[in-house]
Amino acid sequence: MVKVRLAAPVLQQNEEVARENRTFFQKHGIFVLNLMSSPGSGKTSTLERTIEHLAGSLKLGVIEGDIYTTRDAERIEAYGVPVVQINTAGACHLDARMIRPALEDFDFGGLDLLIIENVGNLVCPAEFDLGEDARAVVLSVAEGNDKPLKYPLIFRQAQVVLINKIDLLPYTDCDLSLLEKDIRAINPDLEIFRISARENTGFSPWLSWLKEQVKIKKQKA
Amino acid sequence: MHELSLMENVVATLRASAAENRIKKITRIQLVVGKLTMAVPEALQFAFEVFKEEDLFKSAVLEIKEEPVRGECKECQHAFEIKDYEFLCPSCSSPQVKLVGGRELYIDFYEGD
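Chains A and B are the protein sequences, given in the same order.
Its first residue numbered 87, the first sequence is counted upward by one per residue in the numbering used here.
Its first residue numbered 903, the second sequence is counted upward by one per residue in the numbering used here.
Please note: incorrect hints may appear among the correct ones.
With a cut-off of at most 30 Å between alpha-carbon atoms, the simulated DSS-like pairs for lysine-lysine come out as follows [stated by the list, open to error]:
| hint | chain 1 | residue 1 | chain 2 | residue 2 |
| --- | --- | --- | --- | --- |
| 1 | A | LYS303 | B | LYS1000 |
| 2 | A | LYS89 | B | LYS1000 |
| 3 | A | LYS267 | B | LYS976 |
| 4 | A | LYS306 | B | LYS1000 |
| 5 | A | LYS267 | B | LYS1000 |
| 6 | B | LYS967 | A | LYS89 |
| 7 | B | LYS926 | A | LYS236 |
| 8 | A | LYS304 | A | LYS113 |
| 9 | B | LYS937 | B | LYS976 |
| 10 | A | LYS236 | A | LYS267 |
| 11 | B | LYS976 | A | LYS89 |
| 12 | A | LYS297 | B | LYS1000 |
| 13 | B | LYS926 | B | LYS954 |
| 14 | B | LYS937 | A | LYS236 |
| 15 | A | LYS267 | B | LYS937 |
| 16 | B | LYS960 | A | LYS89 |
| 17 | B | LYS937 | B | LYS967 |
| 18 | A | LYS267 | B | LYS985 |
| 19 | A | LYS236 | B | LYS1000 |
| 20 | B | LYS960 | B | LYS927 |
| 21 | A | LYS236 | B | LYS976 |
| 22 | A | LYS89 | B | LYS954 |
| 23 | B | LYS937 | B | LYS954 |
| 24 | A | LYS301 | B | LYS1000 |
| 25 | A | LYS306 | B | LYS976 |
| 26 | B | LYS976 | A | LYS303 |
| 27 | A | LYS89 | B | LYS937 |
| 28 | B | LYS926 | B | LYS960 |
| 29 | A | LYS236 | B | LYS985 |
| 30 | B | LYS937 | B | LYS985 |
| 31 | A | LYS145 | A | LYS306 |
If you want a taste of the chain A side facing chain B, the calculated C-beta under 10 Å gives, among others [what the hints assert, rightly or not]:
| hint | residue |
| --- | --- |
| 32 | LYS89 |
| 33 | PRO95 |
| 34 | ALA177 |
| 35 | LEU235 |
| 36 | LYS236 |
| 37 | PHE241 |
| 38 | ILE272 |
For the record, the hints were derived by calculation from the structure and aren't laboratory data.
Quick caveat, the model's predicted, so the values are computed rather than measured.
Yeah, the Cβ is synthetic: ideal placement off N, Cα and C, and Gly gets one too.
From just these sequences and the hints, can you work out the full model?
Structure representation (structure tokens):
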């Protein structure tokens, strides 16, 4: 019998590829955002409004992760931004290796911002580094107050939470102050923005934050 | 269910290491899993079954050691176990808590012939 001590991180391979992706983005001076949420929180709508607001000021590209369909990619394409679809064929998250071939499909010259829309899931995407600069979680008030405490890792790993569907607040039992208190207990450094993608409200602070990050990244490149 | 992806990574690492060490059959694997990874031990065991047809893993027992979520206060240096994902220092109530445990996800060792 042989005993082999490995102490090998399970996600070592993913982390190596993520580092390569990060170096690639750094070289091009592109700020990369990993957009995550549960299904139905309004991730794609939030992305659509963000693209509309940024049109003319930032050059943006999108990677759309989806298990099987191209529905979200088609929605984004309608806004005239370059979009690459990645079908995970059953996998519940994107990983760093899936991102790499998509990088060859983009013309990165002059691109300021790349948003990667992850597969709708609050558990698995949190574990896989894609080489992004920041992670944003979209959380809708209709999902209930318990989401941060049930899925703490994704909130611990993120820099931003966009609380969406604020317009539905009167029709839910969501307690916003309690929700934000729970989020801050998990991660006190999170930027929290309240938005309604449907009514196109509350986007200003979020867009300012994004533009600031793009500026910082450009200066570092 | 990211347990299958995680297990694919575990199995790939073991295959490579077993080949290097000329091990034909793995009998025991110790995997360390922090509670904050949200990986469910039962689901990891279930995912491992998929690879049991392979000769290398046929007689392997997968042992999972769970690690609690632990924090250390950046203000008062108090070290503590984080219960219910409340990242607040129980000693001085500061929210500036560094995560020092709970994210582990590694193969500690394996045994084989």
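Hints and how they fare:
| no. | hint | in the structure |
| --- | --- | --- |
| 1 | LYS303(A) / LYS1000(B) | holds (25 Å) |
| 2 | LYS89(A) / LYS1000(B) | violated (34 Å) |
| 3 | LYS267(A) / LYS976(B) | holds (20 Å) |
| 4 | LYS306(A) / LYS1000(B) | holds (27 Å) |
| 5 | LYS267(A) / LYS1000(B) | holds (18 Å) |
| 6 | LYS967(B) / LYS89(A) | holds (17 Å) |
| 7 | LYS926(B) / LYS236(A) | violated (41 Å) |
| 8 | LYS304(A) / LYS113(A) | holds (10 Å) |
| 9 | LYS937(B) / LYS976(B) | holds (22 Å) |
| 10 | LYS236(A) / LYS267(A) | holds (14 Å) |
| 11 | LYS976(B) / LYS89(A) | violated (38 Å) |
| 12 | LYS297(A) / LYS1000(B) | holds (28 Å) |
| 13 | LYS926(B) / LYS954(B) | holds (14 Å) |
| 14 | LYS937(B) / LYS236(A) | holds (12 Å) |
| 15 | LYS267(A) / LYS937(B) | holds (22 Å) |
| 16 | LYS960(B) / LYS89(A) | holds (17 Å) |
| 17 | LYS937(B) / LYS967(B) | holds (10 Å) |
| 18 | LYS267(A) / LYS985(B) | holds (16 Å) |
| 19 | LYS236(A) / LYS1000(B) | holds (20 Å) |
| 20 | LYS960(B) / LYS927(B) | holds (8 Å) |
| 21 | LYS236(A) / LYS976(B) | holds (25 Å) |
| 22 | LYS89(A) / LYS954(B) | holds (20 Å) |
| 23 | LYS937(B) / LYS954(B) | holds (25 Å) |
| 24 | LYS301(A) / LYS1000(B) | holds (28 Å) |
| 25 | LYS306(A) / LYS976(B) | holds (28 Å) |
| 26 | LYS976(B) / LYS303(A) | holds (28 Å) |
| 27 | LYS89(A) / LYS937(B) | holds (26 Å) |
| 28 | LYS926(B) / LYS960(B) | holds (10 Å) |
| 29 | LYS236(A) / LYS985(B) | holds (13 Å) |
| 30 | LYS937(B) / LYS985(B) | holds (11 Å) |
| 31 | LYS145(A) / LYS306(A) | holds (18 Å) |
| 32 | LYS89 | holds (5 Å) |
| 33 | PRO95 | holds (5 Å) |
| 34 | ALA177 | holds (6 Å) |
| 35 | LEU235 | holds (6 Å) |
| 36 | LYS236 | holds (9 Å) |
| 37 | PHE241 | holds (9 Å) |
| 38 | ILE272 | holds (6 Å) |
Of the numbered hints listed earlier, those contradicted by the structure are 2, 7, 11.
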